[in-house]
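Student: Chain by chain, the residues:
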Amino acid sequence: MAKKPRLAVWKFASCDGCQLSLLDCEDELLAVAGAVDIAYFPEATRGEVSGHYDVSLVEGSVTTEHDAERIKEVRERSKILVTIGACATAGGIQALKNFADVKQYISVVYAHPEYIHTLATSTAIAEHVPVDFELRGCPISKKQLVELVSALLAGRKPVTPPHSVCVECKLKGNVCVMVAHGTPCLGPVTHAGCNALCPSFDRGCFGCYGPQEAPNAASLSGELAKLGLDEKALRHLYSTFNVNAEDFRKEYERHGG
Amino acid sequence: MAGRTIKLDYLARVEGEGAFKVVVRNGKVKSAELRLFEPPRFFEAFLRGRAYSEAPDITARICGICPVAYQMAAVHAMEKILGIKIDPQVRLLRRLLYCGEWIESHVLHIYMLHAPDFLGYDSAIHMAKDHGDLVRRALEFKKIGNDVMNTVGGREIHPINVRVGGFYKVPRKADLAPLAERLKWAREAALDTVKLVATFDFPDNERDYEFVSLRHPNEYPLNEGRVVSSKGLDIPVEDYDKHFEEVHVAHSTALQSQIRERGTYFVGPMARFALNYDKLTPLAQQAAREAGLGKVCNNPFKSIIVRAVETVYAVEEALRLIAAYEPPARPYVEAPVRAGVGCHATEAPRGLIYHNYQIADDGAIMSARIVPPTAQNQPTIEKDLTAYVGQWLALDDKALQYRCEQAIRNYDPCISCSTHFLKLDVDRG
Numbered sequence: 036m037a038k039k040p041r042l043a044v045w046k047f048a049s050c051d052g053c054q055l056s057l058l059d060c061e062d063e064l065l066a067v068a069g070a071v072d073i074a075y076f077p078e079a080t081r082g083e084v085s086g087h088y089d090v091s092l093v094e095g096s097v098t099t100e101h102d103a104e105r106i107k108e109v110r111e112r113s114k115i116l117v118t119i120g121a122c123a124t125a126g127g128i129q130a131l132k133n134f135a136d137v138k139q140y141i142s143v144v145y146a147h148p149e150y151i152h153t154l155a156t157s158t159a160i161a162e163h164v165p166v167d168f169e170l171r172g173c174p175i176s177k178k179q180l181v182e183l184v185s186a187l188l189a190g191r192k193p194v195t196p197p198h199s200v201c202v203e204c205k206l207k208g209n210v211c212v213m214v215a216h217g218t219p220c221l222g223p224v225t226h227a228g229c230n231a232l233c234p235s236f237d238r239g240c241f242g243c244y245g246p247q248e249a250p251n252a253a254s255l256s257g258e259l260a261k262l263g264l265d266e267k268a269l270r271h272l273y274s275t276f277n278v279n280a281e282d283f284r285k286e287y288e289r290h291g292g
Numbered sequence: 012m013a014g015r016t017i018k019l020d021y022l023a024r025v026e027g028e029g030a031f032k033v034v035v036r037n038g039k040v041k042s043a044e045l046r047l048f049e050p051p052r053f054f055e056a057f058l059r060g061r062a063y064s065e066a067p068d069i070t071a072r073i074c075g076i077c078p079v080a081y082q083m084a085a086v087h088a089m090e091k092i093l094g095i096k097i098d099p100q101v102r103l104l105r106r107l108l109y110c111g112e113w114i115e116s117h118v119l120h121i122y123m124l125h126a127p128d129f130l131g132y133d134s135a136i137h138m139a140k141d142h143g144d145l146v147r148r149a150l151e152f153k154k155i156g157n158d159v160m161n162t163v164g165g166r167e168i169h170p171i172n173v174r175v176g177g178f179y180k181v182p183r184k185a186d187l188a189p190l191a192e193r194l195k196w197a198r199e200a201a202l203d204t205v206k207l208v209a210t211f212d213f214p215d216n217e218r219d220y221e222f223v224s225l226r227h228p229n230e231y232p233l234n235e236g237r238v239v240s241s242k243g244l245d246i247p248v249e250d251y252d253k254h255f256e257e258v259h260v261a262h263s264t265a266l267q268s269q270i271r272e273r274g275t276y277f278v279g280p281m282a283r284f285a286l287n288y289d290k291l292t293p294l295a296q297q298a299a300r301e302a303g304l305g306k307v308c309n310n311p312f313k314s315i316i317v318r319a320v321e322t323v324y325a326v327e328e329a330l331r332l333i334a335a336y337e338p339p340a341r342p343y344v345e346a347p348v349r350a351g352v353g354c355h356a357t358e359a360p361r362g363l364i365y366h367n368y369q370i371a372d373d374g375a376i377m378s379a380r381i382v383p384p385t386a387q388n389q390p391t392i393e394k395d396l397t398a399y400v401g402q403w404l405a406l407d408d409k410a411l412q413y414r415c416e417q418a419i420r421n422y423d424p425c426i427s428c429s430t431h432f433l434k435l436d437v438d439r440g
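Protein chains in written order, with the working numbering: chain A, 36 to 292; chain B, 12 to 440.
Because the hints were derived from the structure by calculation, they are not lab data. Glycine included, each C-beta is placed from N, C-alpha and C at the ideal position. Treat the hints loosely; a few may be bogus.
With a Cα cut of at most 25 Å, we get these calculated PhoX-like pairs of lysine-lysine [unchecked claim]:
| no. | chain 1 | residue 1 | chain 2 | residue 2 |
| --- | --- | --- | --- | --- |
| 1 | B | K242 | B | K306 |
| 2 | B | K96 | B | K184 |
| 3 | B | K195 | B | K206 |
| 4 | B | K180 | B | K91 |
| 5 | B | K253 | B | K91 |
| 6 | B | K195 | B | K184 |
| 7 | B | K140 | A | K38 |
| 8 | B | K242 | B | K290 |
| 9 | A | K205 | A | K261 |
| 10 | A | K39 | A | K177 |
| 11 | B | K96 | B | K180 |
| 12 | B | K290 | B | K195 |
| 13 | B | K306 | B | K206 |
| 14 | A | K205 | B | K180 |
| 15 | B | K41 | B | K18 |
| 16 | B | K409 | B | K394 |
| 17 | A | K207 | B | K180 |
| 18 | B | K180 | A | K178 |
| 19 | B | K140 | A | K177 |
| 20 | B | K394 | B | K39 |
| 21 | B | K41 | B | K409 |
| 22 | B | K140 | A | K39 |
| 23 | A | K177 | B | K180 |
| 24 | B | K184 | A | K207 |
Calculated Cβ distances over 10 Å to all of chain B for the following chain A residues [what the hints assert, rightly or not]:
| no. | residue |
| --- | --- |
| 25 | S85 |
| 26 | G86 |
| 27 | R112 |
| 28 | V164 |
| 29 | P165 |
| 30 | V166 |
| 31 | E182 |
| 32 | S185 |
| 33 | A186 |
| 34 | P196 |
| 35 | S256 |
| 36 | A260 |
| 37 | E288 |
| 38 | R289 |
| 39 | G291 |
Based on the provided sequences and hints, a complete structural model is requested.
Tutor: Right under this line is the structure:
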């Protein structure tokens with residue numbers, strides 16, 4: 036029997052939610068655990084196998100000098116490196132500090148700023164090392180995670196469509212919240228993956244999965260302005276979990292961010 | 012052996028990044044440090060200037076394991092500022108959502124993070140090789156908690172349906188009915204869990220703790236109540252800052268909370284249980300009694316039993332709420348924006364969580380302060396290590412290190428609740 040592929044799960048600056056998604060795959064977890072050798076996953080196990088890994092799942096963004104070095108080591112030890120979630124693929128909500136004075140941020144939260152060591156930026160893993168595949172989302176979709184692991188085990192490319200949330204709404208038969216109810220929605224520019232969750236709950240998309248491939252955010256912003264969103268509201272809409280993803284960042288900055 | 016240093020550079024089976032170091036000299040514990048090196052993420056800083064309505068979605072991202080705790084504390088604080096009175100059915104749905112999070116988080120901790128310590132495995136996945144049925148039942152139990160969150164909140168990690176004033180969309184009665192059937196199974200699973208964990212072998216370690224939790228006149232506390240303690244504190248949440256303070260000290264790695272008058276305290280399931288035993292359902296009380304618990308449990312290693320008893324309660328409460336649910340006329344209420352200050356505390360699975368906000372007359376957040384449970388427990392965890400390690404010195408280094416790890420995991424520490432957590436250099440002089 037062929038040796039099982041060795042899987043590692045790494046954490047950088049994050050909320051732990053994306054790696055929790057793996058433990059939340061209640062129906063598939065034991066099957067996955069049977070098909071791979073979980074060699075490093077400290078959230079779930081004390082056991083640790085040193086050496087190289089066939090697949091590394093990386094959660095979180097780089098915010099410290101130590102982590103900027105650590106990701107290089109993870110890359111060296113991994114045959115395939117997959118980033119999971121908005122922190123790892125775009126820098127996460129903590130990338131808001133990229134647009135602010137970090138010294139001031141530290142003084143807002145901590146009484147002794149001299150104790151704190153942090154980089155001025157929160158950046159995506161791909162800004163530091165080559166990444167083989169990325170799963171979007173804040174958090175990632177369990178369905179896409181299972182698809183990813185199955186595809187890697189089968190030696191094929193995972194299927195994660197790069198189209199917008201709009202397409203998911205149409206496939207689902209949702210009434211358009213923007214056209215029918217005048218609800219501001221980022222669906223037209225946001226990467227699919229959530230199965231149009233928010234519009235299914237009578238809410239506009241707020242961009243958990245980041246920009247779709249080649250979005251026309253400027254055009255959407257024009258429509259959102261017609262619905263009454265001012266510059267500040269537009270800035271807020273584009274500057275959450277994926278603020279440092281290029282297409283959202285540009286639109287955020289275009290409105291004064 | 013005159014000196015021993017027990018350290019572990021990366022704690023496993025906790026949420027987030029932590030390490031510990033215990034220094035022993037001449038048979039006495041000289042120091043015990045729990046280092047939390049989760050990188051700071053500055054939520055309280057970047058919340059400034061954001062709209063009040065964004066607080067539930069943004070603060071949820073502090074923690075993927077207990078996002079509902081953050082969302083609930085945020086929406087209630089904002090509703091106090093705006094003078095919003097929520098529909099009683101919205102209150103019911105929020106409580107149901109929170110029950111889902113308690114079930115999901117507690118079952119995760121009991122079976123995936125904590126039980127392997129007692130049964131001698133590295134992880135639940137390793138445990139599944141010998142105890143397949145047990146782990147499969149645990150996963151099904153956990154999934155029911157997640158599905159309660161999916162149904163009410165839209166998804167289990169960072170729910171999207173929570174807003175200031177209520178929900179974006181409320182479920183129909185028929186949407187909740189299938190959950191009730193599965194929760195009836197879960198009630199048996201919860202009772203079996205209590206029975207199972209009661210058979211574990213516990214070290215005999217007890218201390219005199221000051222327990223702190225919410226207390227509500229009519230119910231086991233989730234979303235509201237007065238802040239009470241086992242040493243006589245009984246205050247409205249609005250007086251929290253008069254009695255509690257956060258200290259940023261050089262020898263520690265987090266802002267540490269303490270009661271101004273007395274020092275360290277203990278939040279979480281053991282605190283809620285000690286202070287609200289009378290509000291548990293008769294079945295949960297009976298399960299606790301049969302598991303050998305008194306009305307107060309002072310042994311943190313037995314927190315796994317208390318956590319299991321709370322799953323019995325959360326399942327029964329979810330069933331009661333589903334039976335009583337009638338969809339409200341409107342999913343949410345709105346109110347004109349006005350300036351003000353508001354605070355609120357709720358009970359996250361791992362203990363009391365406190366939020367305090369000031370907003371301007373245009374709804375922009377002027378200041379935000381968030382006190383997560385693990386920041387409150389951290390000094391107590393260090394004191395546990397200091398107090399207990401002396402009793403464990405007969406163990407060899409490996410066993411002692413493992414025992415220390417367990418002493419930390421007793422608290423289900425959530426290090427990713429990183430608002431206050433930072434890396435810093437420790438000066439050892």
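Student: Each hint should be assessed against the structure and marked as holding or not.
Tutor: Now the hints, each set against the structure:
1. Under the criterion of a C-alpha separation no larger than 25 Å, the hint pairing K242(B) with K306(B) is consistent with the structure, at around 16 Å.
2. Simply put, K96(B) and K184(B) have alpha-carbon atoms about 23 Å apart, close enough for the 25 Å limit, and the pair holds.
3. Distance check on the hinted pair: K195(B) and K206(B) sit about 17 Å apart at the alpha-carbon level, within 25 Å; holds.
4. Annotation: proposed proximity of K180(B) to K91(B) holds, straight-line Cα distance about 22 Å (limit 25 Å).
5. In summary, the hint linking K253(B) to K91(B) is supported, as the alpha carbons are separated by about 19 Å, within the 25 Å threshold.
6. Restraint check for K195(B) and K184(B): the C-alpha separation of about 17 Å stays at or below 25 Å, so the hint holds.
7. Restraint check for K140(B) and K38(A): satisfied, since their Cα atoms lie roughly 18 Å apart, inside the 25 Å limit.
8. Pair hint K242(B) plus K290(B) holds up; C-alpha atoms about 19 Å apart against a cutoff of 25 Å.
9. For the hint pairing K205(A) with K261(A), the CA-to-CA distance comes to about 23 Å; that is within 25 Å, so the pair holds.
10. Between the alpha carbons of K39(A) and K177(A) the distance comes to roughly 22 Å, so the proposed pair stays at or under 25 Å and holds.
11. Pair hint K96(B) plus K180(B) holds up; C-alpha atoms about 18 Å apart against a cutoff of 25 Å.
12. With a C-alpha separation of about 21 Å, the suggested pairing of K290(B) with K195(B) holds against the 25 Å cut-off.
13. As the CA atoms of K306(B) and K206(B) are separated by approximately 17 Å, the hinted pair is consistent with the 25 Å bound.
14. Only pairs whose Cα atoms come within 25 Å are accepted, and K205(A) paired with K180(B) is accepted, the gap being roughly 20 Å.
15. Under the criterion of a C-alpha separation no larger than 25 Å, the hint pairing K41(B) with K18(B) is consistent with the structure, at around 14 Å.
16. Taking the CA atoms of K409(B) and K394(B), the gap is about 21 Å. The hint holds against a cut of 25 Å.
17. Between K207(A) and K180(B) the CA atoms are separated by roughly 17 Å; this keeps the pair inside 25 Å, and the hint holds.
18. Only pairs whose Cα atoms come within 25 Å are accepted, and K180(B) paired with K178(A) is accepted, the gap being roughly 24 Å.
19. A C-alpha spacing of about 24 Å is found between K140(B) and K177(A), which places the hinted pair at or below 25 Å, so the restraint holds.
20. A C-alpha spacing of about 14 Å is found between K394(B) and K39(B), which places the hinted pair at or below 25 Å, so the restraint holds.
21. Pair hint K41(B) plus K409(B) holds up; C-alpha atoms about 19 Å apart against a cutoff of 25 Å.
22. Between K140(B) and K39(A), the direct Cα distance comes to roughly 16 Å. Compliance with the 25 Å bound is thereby established for this hinted pair.
23. Between K177(A) and K180(B) the CA atoms are separated by roughly 23 Å; this keeps the pair inside 25 Å, and the hint holds.
24. Proposed proximity of K184(B) and K207(A) is supported: the alpha carbons are some 22 Å apart, at most 25 Å.
25. At roughly 13 Å from the closest C-beta of chain B, the C-beta of S85(A) stays outside 10 Å, upholding its exclusion from the interface.
26. The beta carbon of G86(A) sits about 17 Å from the closest Cβ of chain B, which is more than 10 Å, so the claim that it is off the interface holds.
27. At roughly 15 Å from the closest C-beta of chain B, the C-beta of R112(A) stays outside 10 Å, upholding its exclusion from the interface.
28. Every Cβ of chain B is farther than 10 Å from the Cβ of V164(A); the closest lies at roughly 18 Å, confirming the non-interface assignment.
29. A cut-off of 10 Å between C-beta atoms confirms that P165(A) is not in contact with chain B; the least separation is 23 Å.
30. The non-interface label for V166(A) is consistent with chain B: the shortest C-beta to C-beta separation is roughly 20 Å, beyond 10 Å.
31. The beta carbon of E182(A) is kept farther than 10 Å from every beta carbon of chain B, the shortest such distance being approximately 17 Å.
32. S185(A), annotated as away from the interface, keeps every beta carbon of chain B farther than 10 Å; the closest lies near 18 Å.
33. At roughly 21 Å, the least C-beta separation between A186(A) and chain B is larger than 10 Å, which holds for a residue marked as non-interface.
34. No Cβ of chain B approaches the Cβ of P196(A) within 10 Å, the least distance being about 19 Å, so the stated non-interface status holds.
35. With a least CB separation of 17 Å from chain B, S256(A) remains clear of the 10 Å interface cut-off, as annotated.
36. At roughly 17 Å from the closest C-beta of chain B, the C-beta of A260(A) stays outside 10 Å, upholding its exclusion from the interface.
37. At roughly 16 Å from the closest C-beta of chain B, the C-beta of E288(A) stays outside 10 Å, upholding its exclusion from the interface.
38. Residue placement check: R289(A) keeps its beta carbon more than 10 Å from all beta carbons of chain B (closest about 18 Å).
39. Consistency note on G291(A): stated as away from chain B, and its beta-carbon is indeed over 10 Å from all of that chain's, at 12 Å minimum.
Going down the numbered hints, you'll see the structure goes against none, and every one checks out.
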